[in-house]
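Asker: Spelled out, the chains give:
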Amino acid sequence: MSRDPYEILGVKRDASQKDIQSAFRKLAKKYHPDLNPGDKKAEDQFKDISAANEILGDEEKRKRFDRGEIDMTGAEQHPRNFYRDYASTESSGGPYQNSSGFADFDADDLFSTLFSRRAGRGAFHGNGADLHFRMEIDFLDAVNGTTTSVYLPDGVALEVKIPSGTHDGQTLRLRGKGAPGASGEPAGDALIEVHVRPHRFFVRDGDDIRVELPISISEAVLGGKVRVPTPNGAVDMTLKPHSNSGMMLRLKGKGVAKRNGEKGDLYVTLKIVLPDKPDPQLTELIGTWAQSQAHNPREQMGV
Amino acid sequence: MNDIEFCAQLGVEVTVIEVWINEGWIRPETFEGSRAFRLADMARARLIMDLSHHMGVNEAGVDVIMDLIDQIHGLRRVIESAMSERAHLDDELDSLIKKP
Chain E
54 MSRDPYEILG
64 VKRDASQKDI
74 QSAFRKLAKK
84 YHPDLNPGDK
94 KAEDQFKDIS
104 AANEILGDEE
114 KRKRFDRGEI
124 DMTGAEQHPR
134 NFYRDYASTE
144 SSGGPYQNSS
154 GFADFDADDL
164 FSTLFSRRAG
174 RGAFHGNGAD
184 LHFRMEIDFL
194 DAVNGTTTSV
204 YLPDGVALEV
214 KIPSGTHDGQ
224 TLRLRGKGAP
234 GASGEPAGDA
244 LIEVHVRPHR
254 FFVRDGDDIR
264 VELPISISEA
274 VLGGKVRVPT
284 PNGAVDMTLK
294 PHSNSGMMLR
304 LKGKGVAKRN
314 GEKGDLYVTL
324 KIVLPDKPDP
334 QLTELIGTWA
344 QSQAHNPREQ
354 MGV
Chain D
125 MNDIEFCAQL
135 GVEVTVIEVW
145 INEGWIRPET
155 FEGSRAFRLA
165 DMARARLIMD
175 LSHHMGVNEA
185 GVDVIMDLID
195 QIHGLRRVIE
205 SAMSERAHLD
215 DELDSLIKKP
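So the sequences go chain by chain: E and D. The first sequence begins at 54 in this note's numbering and counts up by one. The second sequence begins at 125 in this note's numbering and counts up by one.
What the hints contain is simulated information worked out from the structure, not anything from laboratory work. Take these hints with a grain of salt, some might be off.
Below are the EDC-like pairs computed for lysine to aspartate or glutamate, each with C-alpha atoms no more than 16 Å apart in a straight line [as the list claims (entries may be wrong)]:
1) E:Lys79 <-> D:Asp174
2) E:Lys324 <-> E:Asp261
3) E:Lys116 <-> E:Asp67
4) E:Lys100 <-> D:Asp174
5) E:Lys311 <-> E:Asp261
6) E:Lys71 <-> E:Asp138
7) E:Lys83 <-> D:Asp174
8) E:Lys305 <-> E:Asp329
9) E:Lys305 <-> E:Asp261
10) E:Lys93 <-> E:Asp138
11) E:Lys82 <-> D:Asp214
12) E:Lys214 <-> E:Asp194
Please take these sequences and the hints and turn them into a complete structure.
Answerer: See below:
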């Protein structure tokens, strides 16, 4: 990026800071990608404008730029996802779904025209339409698999088998469970988009699971057996003496089931925690110990 | 991500997030009594910050804009479906015409 920030914002070299701010605001309003959801070029333009403002909007940086000490390259914008990137993939029934923009159209009419034959297959042959559903399941149910039900609009419950290892956003297809077909033609399918609720301490990472495990000072220093929660029950893990905060340990095969029958791993990151309340004995002990200590854990930071 | 991670990423106080949630600009999921934010929520938060910090839009303005943006995406989705349905019908018509 070597263009002139004054040119980008369309201001004169002697423009006041106020002029620059209002020029930036005007352009930002015009080119913000979320205010132009269909314009792919808006993103590049917005980046240029933001970078120009990064320099000219800050009086110090502007002076340095004028003296030729810095150029636009220092103000390059970090890649960032705009809301429009998510809005287009938001599932129907998502929290930001808003149909007021077309609520005056006859909804039944609109949706029967648009969505009834969404699957497309055999629209002219009388096959039943596919039905779309959305359901939420617990993290552990997704990892371990379970059987649950969804209720169809007519109140009939449909049994859904959630395979172990189901991931967030996955669509399950139940063949023949959609709308019935005309005159003996096959019924459509039920398509169920599964959303997995986050867990309190497990985090899914593909087929692996990550967990942060609090350990006491004595466990960290002396080592020993600690209990570790896994998605299918707690297990014992042996800590070596002198196990540090941030250390990552792997419990093989305690992750998520893969398609090929193997399982991912559970990655445990240790985190040393002090007792809830100050402990006079500990304070005294550490006090004595600290006197003979010259350990600087921040040495590598140069402080 | 939880409240703390969300606030840290954005560099704002929890009280600010509370306002956004009360206004309905951000709607995180709730899980076991605590909030869970998604990347879409993060992107919305950045948009809100752009509007209120960089563009000088006040609270009432942000409220109107967020609502209109959601409406636009609703409409975009309908147009998209209409277009794909049309393409579908074209294909089916073609195949019917070709078949004797």
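Asker: Taking the hints in turn, state whether each one holds.
Answerer: Right, here's what the structure says about each hint:
Of the pairs offered as hints, the one joining Lys79 (chain E) and Asp174 (chain D) holds, with about 13 Å between alpha carbons and a cut-off of 16 Å not exceeded. Using a Cα cut-off of 16 Å, the hinted pair Lys324 (chain E) and Asp261 (chain E) is violated, with the two alpha carbons roughly 19 Å apart. For the given pair, Lys116 (chain E) sits about 11 Å from Asp67 (chain E) by alpha-carbon distance, which is consistent with the 16 Å threshold. A hinted pair counts as satisfied when its Cα atoms are at most 16 Å apart, and Lys100 (chain E) with Asp174 (chain D) qualifies at roughly 13 Å.
Only pairs whose Cα atoms come within 16 Å are accepted, and Lys311 (chain E) paired with Asp261 (chain E) is accepted, the gap being roughly 10 Å. For the suggested pair Lys71 (chain E) and Asp138 (chain E), the alpha carbons sit about 32 Å apart, so the restraint of at most 16 Å is broken. Using a Cα cut-off of 16 Å, the hinted pair Lys83 (chain E) and Asp174 (chain D) holds, with the two alpha carbons roughly 13 Å apart. Taking the CA atoms of Lys305 (chain E) and Asp329 (chain E), the gap is near 32 Å; set against the 16 Å cutoff, the hint is violated.
Distance restraint check for Lys305 (chain E) and Asp261 (chain E): the Cα-Cα separation of roughly 10 Å lies within the 16 Å cut-off, and the hinted pair is therefore satisfied. In summary, the hint linking Lys93 (chain E) to Asp138 (chain E) is supported, as the alpha carbons are separated by about 11 Å, within the 16 Å threshold. Of the pairs offered as hints, the one joining Lys82 (chain E) and Asp214 (chain D) is violated, with about 39 Å between alpha carbons and a cut-off of 16 Å exceeded. Restraint check for Lys214 (chain E) and Asp194 (chain E): satisfied, since their Cα atoms lie roughly 11 Å apart, inside the 16 Å limit.
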